[in-house]
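Start from the sequences and build out the full structure, keeping to the hints where you can.
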Amino acid sequence: MGSMILRQTLRLDHLSKSFGSHRVLNDVSMEFHPGVIHALLGANGAGKSTLGWLLAGRFDKYMGNIFFDGNPVKLTSRGNSIKLGIHIVTQEPALAPNLSIAANLFLGVEQGSYWHSSFRTDQSLLDSARTCLAEFDLRLNPSASISELTLEQKQAVDLLRAYMRKPSFLVVDEPPLNTEDSAYSILDRVAEKLCANGTHLLLITHQVSKALRMADTVTVIRDGHIVATKPTKESSEADVINLMFPSIVSAATERIGEDQLQEASATTNLEMVLKSSLSVHSRSLTLRNGCVTGLRTKPSLLASKILRSLVKVDNLFDIFLEFDERRFSPKSPKEALQEGVYYLSADRELEASFPNLSVRDNLTFYLLNGLAVFGIVKRGFQYAIAKKLAMQVGIDQRRLDDSLRDLSGGNQQRTLLARVSGANPKVCLLDEPNRGVDVSSLPKIKNMIRALAKAGCWVVVSSTDDVFLEGVSDQILDLDFRPTAQSSNPGET
Amino acid sequence: MNIRDIVTRLAIPAVVALFLMSVAISKPVFFSWENLSNVLLQASIIGIIAIGMTPVIIGGGIDLSVGSVAALAAIILAITYGYGYSALPATILALLVGLGCGVANGVAVSFFGIPSFIATLGMMGLARGLALLSSGGQPLSDIGSISRFLGEGNIIGVPMPVIIFAIVGVLLYVFLRRSVGGTHLYAIGGNARAAWISGVDIRAYVAGTYVFCGLLASLAGITVAGRLGSAQPLAGNLYELDSITAAVLGGGSLSGGKGSALGTAAGAVLLAAIRNAMVLMDLSPYLHQIVIGMVLISVFLADSIRKGGKDPLKNGL
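Same order as they appear, the protein sequences are chains A and B.
So the first sequence is numbered by my numbering: it starts at 1 and just counts up by one.
So the second sequence is numbered by my numbering: it starts at 1 and just counts up by one.
Please note that a few of the clues may not be correct.
Unchecked claim - Covered by chain A, per the in silico footprint, the following chain B stretches (three or more residues, Cβ under 8 Å):
id: 1; region: 169 to 181
id: 2; region: 186 to 194
id: 3; region: 198 to 206
Read the hints as simulated data drawn from the structure, not as lab findings.
Keep in mind the model is a prediction, meaning the values are calculated, not measured.
Ideal Cβ positions, reconstructed from N, Cα and C, are used throughout, including at glycine.
Next comes the structure, spelled out in structure tokens:
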């Protein structure tokens with residue numbers, strides 16, 4: 001069973017970690033106390049995730065010492081860390097996609113009692129999983145396969161899986177703090193239960209306000225250095241943001257005025273017609289040209305499903321676009337692209353990034369055919385365009401030739417967003433475009449999305465982060481698909 | 001870069017260099033101009049096939065049928081020629097046979113979803129069986145002038161196999177490094193689902209890699225027949241081992257998304273140098289396969305240790 005060994009203070013003493021010549025963590029000293037929620041805050045690329053992974057035993061080499069209850073420990077392999085009960089939940093859920101929820105929940109829990117676990121009947125496994133899901137009010141079928149779940153649900157299952165292992169130290173890297181209806185409350189409740197048991201909880205995030213709400217202690221990391229550690233009570237949001245981004249300029253997002261909105265809507269509207277086998281779910285939505293439309297659904301995961309159905313990555317909805325009596329209903333993502341409908345998935349690792357390609361190739365991926373003569377890419381053009389796009393999203397131009405996988409998660413997300421916006425889309429569907437992007441780059445991203453709309457693109461954004469959604473959208477469409485609510489006509493704001 | 005990184009990166013080149021140096025000391029003839037050009041000639045047959053194998057590996061697949069397809073193409077060439085057709089149509093038919101085998105592999109893998117390992121393993125048996133059946137198991141010596149020229153001819157002193165190797169190598173280099181299609185292929189190997197969502201026709205690309213591989217296998221088969229002076233149904237035995245080893249030695253990864261034309265070419269030449277040195281040292285020919293097999297495993301071992309030793313999580317399993 002999961003171990004409950006670490007009951008004492010975990011102390012990091014002058015830890016450093018380098019990748020090549022790049023020092024990601026520099027002389028980091030920290031202390032974690034049992035039962036305390038500790039938030040580690042920092043910008044993209046500050047070294048947050050590296051520290052999390054270091055504790056989880058991903059790196060076999062690091063400088064400095066780690067003490068548990070005064071005794072030195074070596075976290076040089078996953079095995080070592082797991083023996084000490086250190087578990088990690090990452091932004092991209094680490095689940096076996098073809099196994100059931102139940103199988104995933106118990107995967108690895110039965111370590112050391114192999115025979116016991118293999119004699120366990122499927123039924124008892126399902127029952128235990130059902131109990132566990134019910135404990136957190138998750139209405140999911142334990143025998144459903146992971147691949148049928150939305151990202152949000154996967155994150156919830158991933159979190160529960162960590163909980164089932166009874167960790168003594170849980171690292172949660174970029175927890176889904178935004179979600180209102182499921183994952184957030186699950187994180188809250190998991191945290192509550194774990195802390196009552198004396199588990200150390202380390203939240204790694206760049207979302208200041210929500211981290212401050214949850215955590216007892218915050219530590220701010222910048223360029224691999226710890227800049228401050230304080231009790232949450234003594235820190236205000238502004239203070240923390242100042243520590244994270246000493247040079248932040250509060251860039252106000254430019255908004256289209258109400259009069260312009262009317263004008264724009266008068267010219268060209270795009271109807272998005274949603275059909276579903278249940279007639280109550282059928283809708284017709286109006287997207288205004290030159291506007292960013294926020295899509296918010298209840299349950300929240302359906303917003304993503306709607307966008308995915310539109311480009312046929314998913315088939316939940318029968319959906320098409322109507323524009324001046326013309327009807328777009330692509331049969332494949334390729335056809336959608338040919339009609340100028342671009343989709344950026346929320347699942348970066350599985351569905352959006354090309355980790356082995358250079359940042360330059362990733363940025364210009366949709367443009368390659370236009371940059372080529374007889375199929376041979378004109379390098380000069382490609383560099384020029386990649387540089388321009390990199391500048392727009394704030395990616396270091398010296399990194400254009402690096403593999404995308406060498407960039408931090410937030411920088412990858414920005415690269416992918418620039419890839420879509422650079423393609424001159426007619427309709428742009430952005431699924432959680434702010435995912436993994438820190439506060440300092442959010443204005444850049446917002447401006448980019450707004451510039452897209454201004455250039456005459458219909459932009460639809462789905463996000464579970466209401467603050468972001470309201471900040472970026474000109475209009476928000478609220479759709480309620482819950483069977484209990486009898487609202488067949490969607491409210492618009 | 002830590003010590004382990006340096007050691008594992010340099011281990012195989014260092015061992016090969018040590019080996020070649022010891023050969024050079026005991027058999028100075030190894031580094032003679034004549035012998036080295038001989039090495040290049042020996043490298044070119046496997047080189048042509050390995051160049052065909054490289055895009056397949058980049059796309060995340062593998063082609064085990066190359067040796068059998070090479071043999072079948074040569075046999076078809078000899079039979080057609082034997083029926084009285086002239087060399088050109090016979091050669092074209094032989095190339096079409098290789099192309100056809102590639103199309104069959106490609107369709108099986110990318111349109112019917114059969115794992116490449118299984119589809120091409122099946123083709124390996126099928127093509128070999130057809131070669132044996134249609135030739136009656138006997139070598140056929142009527143192979144025509146084109147095949148003889150490709151195998152034994154030369155242009156201003158450069159043997160034809162070397163020229164073919166160079167041409168297909170440059171073609172692949174340009175495709176992979178400079179073309180839109182090359183970038184799309186690497187993208188498929190790196191993240192097929194993202195490539196599909198980004199509108200890349202992954203089926204066509206993946207099928208295309210097998211077609212290219214089959215075509216080059218038949219070209220190599222025709223060339224080998226020219227060098228041997230006959231089409232042999234058992235020729236091309238274990239070509240898949242050598243060509244995969246060359247591609248992997250040159251930086252290819254069997255999980256896809258990695259590999260290059262230059263790397264594969266260098267890998268093929270290195271393998272030929274090792275074989276040649278073993279011949280010079282009078283080692284048993286049976287030992288050659290053992291050594292090549294060990295090279296293949298060592299390349300993976302070094303890569304695996306570099307990525308994180310025995311920890312399965314770090315090796316991306």
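Evaluated hints:
no., hint, in the structure
1, 169 to 181, "holds (count 5)"
2, 186 to 194, "holds (count 7)"
3, 198 to 206, "holds (count 4)"
Checked against the numbered hints above, the structure breaks none of them.
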